[in-house]
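The lines below spell out each chain.
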Amino acid sequence: MKALGGIVKGLVFAIIGFIVGGGIGFLLMNAAPTGRGTFEPVIALGYVFALIGWLLGVGLWDAWAREWVGLPAKKLEVHGWRRYFRFSTDHKVIGVQYLATFLFLFLFAGLLAMLMRLELMAPGETIMGPNTYNTVMSLHGVIMIAVAVAAIIGGLGNFALPILIGARDVAFPRVNALSFWVLPPVVILLLLTPLFGGFDTGWTGYPPLSVTNATGTLFFLLAFITFGISSILGGLNFITTVVTLRAPGMTWGRLPIFVWGVLSAAMISLTATQVVAAGLIMIVLDRVTGTSFFNAAQGGNALLYEHVFWFYSHPAVYIVILPAFGAILEIVAHFSRKPLFAYKWVVGSFLGIVAQGFLVWAHHLYTSGMSDWLHIPFMATTEVISIPTGIVFLSALGTLWLGKLWLKPPMLFSLGFIFNFLIGGVTGIFNADVPTDIHLQDTYFITAHFHYTLMGGMIFGLMAGVYYWFPKFTGRKYNETLAKIHFWWMFVMFNVTFIPMFWLGIHGMNRRIADYSPELGGVNMFVSIAAFVLGAGFLVFAFNLVYSWVRGPAAEANPWRARTLEWQTLSPPPEENFHAPPVVSDDPYGYGIPGSIHAVIGPAAGAPRQESEVKR
Amino acid sequence: MATATRTHPVHSRLFLNRLGLWLFIASEVFLFGALLSARYYLQGFYRPAELNQLLGLAISVVLVLSSLTAYRAEIAVAHGDQRRFRRNILATIFLGVVFLAGVVVEWREGFHFFPPSTGYGTIFFTLTGAHAFHVLTGLIALTIVYFLGRRGRFTTGSYWGAEGVVKYWHFVDVAWVLIYPTLYLVR
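Chain order of the listed sequences is A and B. If you use the numbering used here, the first sequence closes out at 1459, no skipped numbers anywhere. If you use the numbering used here, the second sequence closes out at 217, no skipped numbers anywhere.
Chain A extracted, bound-state conformation (with noise of 0.2 Å):
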């Protein structure tokens, strides 16, 4: 109970706000009748204020809000598991949190797709209707985009990045704690939509069917909303940190590379979330208040919704993409014992993709409807962006050559991902280029290459990364066997699902949609029963992680004898990341080079040498 005491007030807290909110848009609703009709005013309002209560109960109130009302802050003293259900503000804590939340919404989401599966098994009706089948498809999408821009970049990132660079926390702790503590009521509101009539928009939500459909399209904008105020905090807080709080000697040119891939996925999350923000409100808007942005017979246009959402969504896959690249890129160069290859290219081409990923968002749109003159341009830049990509990808292959490769379980899904994300990024130049993508857009070929990309790239990703970093989160090592079955199991299964997608898309089976053609049944079939196996693996990967964190045997301090800070300290780190202040003095990849040493901790750590050559 004293565990979950900030949950309990923060939920009392947003009962009371929801009330107090609900009222007022009760009231108005009465004043001044111009929504659907609905209760939609009462809800969206009550929300509101709920989340603000929320947030005020569970910690913000007694860590934070205390001080602008001129009464000192309660710092929270909370020690053990028990941290794990507090407002902790230590970014080791919070990083947990992400992961555990979101390693939990995966394993749910999986779940939906085995549904899905079962209903594809056969053609016609097989386990649910149609409307069941869009809300789970909905749900599944939504949840995994989720997982699929947080888990790296707040669970990993959030542990790893400050001691990567020498810190002792963020920038803004209380910010990072915030940008976690809004969840939950995201985790809620998406939960809740199947008792409101579920959403079947799909997870883009498009007008005007999302603006006209049952109430749970309405808790599925307000949780996008939500997490996109965490993404938005998180990317300050992630920015503020690099640029501020590197240690002496940490210069922009020693920066571990998953900390540039963090960094660029920031810079995205930061300014795009706000402009899909922009585009769910004009939908809430025209819900509950009875705007017109999508209705065409009072001038509005649907085609406005399409361009905000890709103008975020598209550079939305470079935040899930960019901390999985830099990850990988950090495992592979430990883990065949050399130095990163070509360094300040990979550097540049992920800036490169940051930029350039705003400019290429209509590609989305070949077949809306938008002006014809458009198409070009926008396929144009489309296809540069994989020089940039293609960068990336050559360091990794740069870096494996002729390297001693240390076939680990993290390097085994860092070579799965490389693997994976070739047959994505090839796939995806035939959805680039217009006269193919007509043809291809809305089939199963889509489906399959964002699989490859997000599943096969971003999920192979953040295996590697919780493989890599568990014994430092823990303090514990997992079994090492069932982690490789884990990794082969995954990798076969994967690409034995995904690949007959691509033949089914080609052969016209729709996306979204609950039936298909009879012939295409037994393909269909063959998928299904390959997705059931691809999901009964993750079973192996959730056993190892309990079982290894409660029972595994104690790890070392720097179990893959890597060079970077994270390693340098215990496992788990203490509360302040180091005992003394770290001094860095050389590259992070310098494996092999005589002499060369990333960085030493504290004067009385390190040789005296190092120490006297770091300008203070």
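In case anyone wonders, no lab produced these hints; they're calculated from the structure. C-beta: ideal position from N, C-alpha, C; glycine also. Take these hints with a grain of salt, some might be off.
[As the list claims (entries may be wrong)] When the alpha-carbon atoms are kept at most 30 Å apart in a straight line, the in silico DSS-like pairs for lysine-lysine are as follows:
#1 K197(B) / K918(A)
#2 K852(A) / K918(A)
#3 K1320(A) / K1251(A)
#4 K1247(A) / K1187(A)
#5 K917(A) / K197(B)
#6 K1320(A) / K1247(A)
[Unchecked claim] Reference excerpt, derived from the structure (chain B facing chain A, CB under 10 Å, subset only):
#7 L61
#8 L85
#9 R181
Add chain B to chain A, keeping to what the hints say.
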């Protein structure tokens, strides 16, 4: 601040706070950018003849003046003049409230001539509403700053709370300087 004791050899806490605020403002630029683009995308340069030009100009002048008083407040606290600091914060709050009252009048007229369900009304009420919400948050923050100032929370060398809120207020003002012509002047 409880965490302000965390020192770093290179950058001061103040630098961190300033950078954080500027990044937040950069982020907000994208929100207003999207809303402003929506106006031109949906309505082009159309504006109804019923717009109350005098009111629009008046509240714009009021808001710009409030930025001046906010600036004077910041300068005053930097020089240790607590009385002038509080007086100017109060003046800023007063002007902000006058601005909001102007928006209320604007909305009442707007409901009559171009309700939110019409094309221009959609844009008008969304832009002014989003901006008024920011003014409201700014006013709450200014009120907090005023009362903290009365408790002597801000001194010559340490007045980040006041500085941050004033900077935010300037941003809200600049946003209006772009919204005002977009709604009232373009044709």
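Here is how each hint holds up against the structure:
no. : hint                : result
1   : K197(B) / K918(A)   : holds (29 Å)
2   : K852(A) / K918(A)   : holds (17 Å)
3   : K1320(A) / K1251(A) : holds (13 Å)
4   : K1247(A) / K1187(A) : holds (23 Å)
5   : K917(A) / K197(B)   : holds (28 Å)
6   : K1320(A) / K1247(A) : holds (23 Å)
7   : L61                 : holds (4 Å)
8   : L85                 : violated (21 Å)
9   : R181                : holds (5 Å)
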